[in-house]
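Participant: Quick note, the sequences are listed as chains A and B, same order. The first sequence begins at 1 in our numbering and counts up by one. The second sequence begins at 1 in our numbering and counts up by one.
Take these hints with a grain of salt, some might be off.
Said to hold, decoys possible - Below, a list of computed lysine-lysine pairs in the DSSO-like style, where the Cα atoms sit at most 30 Å apart: (1) A:LYS130 - A:LYS86; (2) A:LYS164 - B:LYS109; (3) A:LYS24 - B:LYS109; (4) B:LYS109 - B:LYS450; (5) B:LYS450 - A:LYS164; (6) B:LYS109 - B:LYS7.
If you are wondering where the hints come from, they were derived from the structure by calculation, not from laboratory data.
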Amino acid sequence: MAQFLFNLFAAFTLVCALGVVVNKNAVNAAMCLLLALVGVAGLFVALNAYLLAFLLLLVYAGAVVALFLFIIMLLDTKGEQRPGLKHASLVARLFAAALVGAGLLSFFARSRLPEPALGPASAAVGAELKLYAYQLFTTYLLPVQVIGFLLLAAMLGVIVISKKLDAAEDAP
Amino acid sequence: MNLEAVKLAAANNSWGALFPELMLACIALALLVFEVVLPRKQHRYIPDLAIIGVAFTLLGLFLNFDSASLDSETFNGLLHHDHAGQVMRVFFLLSALLVCVLARVSLAKRAVPRVEFSHLVLVITAAMMLLAQSSHFVMLFVTLETVTIGFYILVSYFRTSAASLEAGLKYLVMGALSSGLLLFGIVLLYGAAGNPALPMHSANAMHYRDLAAFLAANPHNFVASVGIVLVLAGVAFKIGAFPFQIWIPDVYQGAPTPVTAFLAVASKAAGFAVLLVLARDVFASYAWLVIPVLTLMAGATILFGNIAALTQHNVKRLIGLSGVSHAGFLLLGVVAAASGAAMATGAVYFYLFAYLIASFAVFGVMTHLAGADDSDQELEHYAGLAKDNPFLAAVLAVGLGSLAGIPPLAGFMGKLFVFIAAFQAGARWLLALAAAGVAISIYYYFGWLKAAFFESLAPSPDGPARPERTPVGFAAGLALSVLALGSILLGFYQGPLGQWLTLK
Chain A
1 MAQFLFNLFA AFTLVCALGV VVNKNAVNAA MCLLLALVGV AGLFVALNAY LLAFLLLLVY
61 AGAVVALFLF IIMLLDTKGE QRPGLKHASL VARLFAAALV GAGLLSFFAR SRLPEPALGP
121 ASAAVGAELK LYAYQLFTTY LLPVQVIGFL LLAAMLGVIV ISKKLDAAED AP
Chain B
1 MNLEAVKLAA ANNSWGALFP ELMLACIALA LLVFEVVLPR KQHRYIPDLA IIGVAFTLLG
61 LFLNFDSASL DSETFNGLLH HDHAGQVMRV FFLLSALLVC VLARVSLAKR AVPRVEFSHL
121 VLVITAAMML LAQSSHFVML FVTLETVTIG FYILVSYFRT SAASLEAGLK YLVMGALSSG
181 LLLFGIVLLY GAAGNPALPM HSANAMHYRD LAAFLAANPH NFVASVGIVL VLAGVAFKIG
241 AFPFQIWIPD VYQGAPTPVT AFLAVASKAA GFAVLLVLAR DVFASYAWLV IPVLTLMAGA
301 TILFGNIAAL TQHNVKRLIG LSGVSHAGFL LLGVVAAASG AAMATGAVYF YLFAYLIASF
361 AVFGVMTHLA GADDSDQELE HYAGLAKDNP FLAAVLAVGL GSLAGIPPLA GFMGKLFVFI
421 AAFQAGARWL LALAAAGVAI SIYYYFGWLK AAFFESLAPS PDGPARPERT PVGFAAGLAL
481 SVLALGSILL GFYQGPLGQW LTLK
């Protein structure tokens, strides 16, 4: 049953992710992204990582995709007609698709890991808040601090790339 | 997890071992505070504070070079401090210092925010220093992302220029793709090494030592080998090795010149620091896979970089593609290190230092010759440089000569060491290819020198005018003289640096 659910959610995620890429309408693409994230949350639940599933739904599916939709509506983008494919580019695409297909086939054919004998499962770190928080604030304290700087840099970047230049301060 | 284990883990977070990174982080935050507190008129002095801060951090690092935490693991195995890590710390601090000096010249030509630039350079530098010392894939990925996100911003920093924005977007897409490949690889390795049915499996499979032990016990696991190839591909994006070099010319051309220098030198060096540890230590028992992959990559990179650089007229594209070929030479050193040549690791580090010194000399000259449109730097703009400004022309000659590997200069010694290491490792045909690459590279480097020294100032009446050359200021002049002298001295006498780099 768990295996079936895992496969189901994985297939669902993949189909929705494909929908994000091929959809010409930006709103539809964002909705496909939402569904793909729900699929990933399902995968997390199947792996007993309830906390991660919850956070994913809350932050990404809830906040980030909503933000995407706002921006898409603000920009009012229309699906553009794509230029016709050149012959060479079509051949290149087919070749790339064949390469990816061959790679995936060989991976499915050869990547058999032995099934572990499953004992009583130890609690997954992503299962509950307390365990997760202990890990974040002890073992992984340094990466958490680094990510703090990453977020600060990202925020500064948004400001620097979009703010109005100050005539007195930023002049050459 | 009981409370004792938590306390033990917390006690292992020895922040004292990270004082250079902490210094940089504090300076970076202080810059932002200064911007808020100081009156507007004094804002233009804030980037100078960053330069002074980095210089003092470098001094502090030199004073504590053989620190107590050497050869120990801190932060529960996330970091491993060793001699190579100290060397890379010095490397990144030096490049940050030079980038800040170049940025003073380059940013003065356009209307851009200045303080944030210094802040980002410092944050990226600190992250690269941690990256070079990480011994855990979580740490590796987090620091790599910090570096990459900082670079997305820096590359598109001249946002009023279309070329800069285009470069930022291209770097964003390619960077996301490479992060994806790297993550796929890490996940496959983690999944294989965490499987309880396999010998030497580990609950902490992201840690390099546990992973290496697992790989040694399972020398032909298919899933693990796919993971290894994907991790190598992710790192190859960062260093710009052959099948993953596609972003280099456009991004290097569009980015502001100091950022191009930072990207070409420090980002590439960070990639090589990671690659050395992975190929030599972690993936050592998969040498049957790693060495052929890296050998092919090195050969193709040397050929592609040199041949593609032959036809370039834009000097930023030229130096970008020649940087691809340098990545190929460095990969040759990594192949030698992975095959167990004794001096290969030291040779790679020496090459990186020689490359740093020579590249920043050339980028310094480029910064002074660039006009308001930073992406438009053509070979023709160098005409008559030797008559106009003999100092810049001399620095350019030394820098390019060192990059080309002309005998008495540092670049020659770097290439020589790498080639000797490759000879010891028995990579004969790759060595022949590299020698051919050097011969090709001399052609385009000397084409550039020819433009600067032998072409007269005869601006065509209907052609676009050459951009105004910036006069050399005190700080930039000092930095350029030191770099040129360093390139010459290091070619004759490697004594302390050579020992220092190969010391175990």
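Participant: Each hint needs a verdict: does it hold in this structure or not?
Facilitator: Results for each hint:
1. A:LYS130 - A:LYS86: violated, 56 Å
2. A:LYS164 - B:LYS109: Measuring from Cα to Cα gives roughly 18 Å; hence the hint holds.
3. A:LYS24 - B:LYS109: violated, 41 Å
4. B:LYS109 - B:LYS450: holds, 27 Å
5. B:LYS450 - A:LYS164: violated, 43 Å
6. B:LYS109 - B:LYS7: This hinted pair is violated, its Cα atoms lying about 53 Å apart.
Of the numbered hints listed earlier, those contradicted by the structure are 1, 3, 5, 6.
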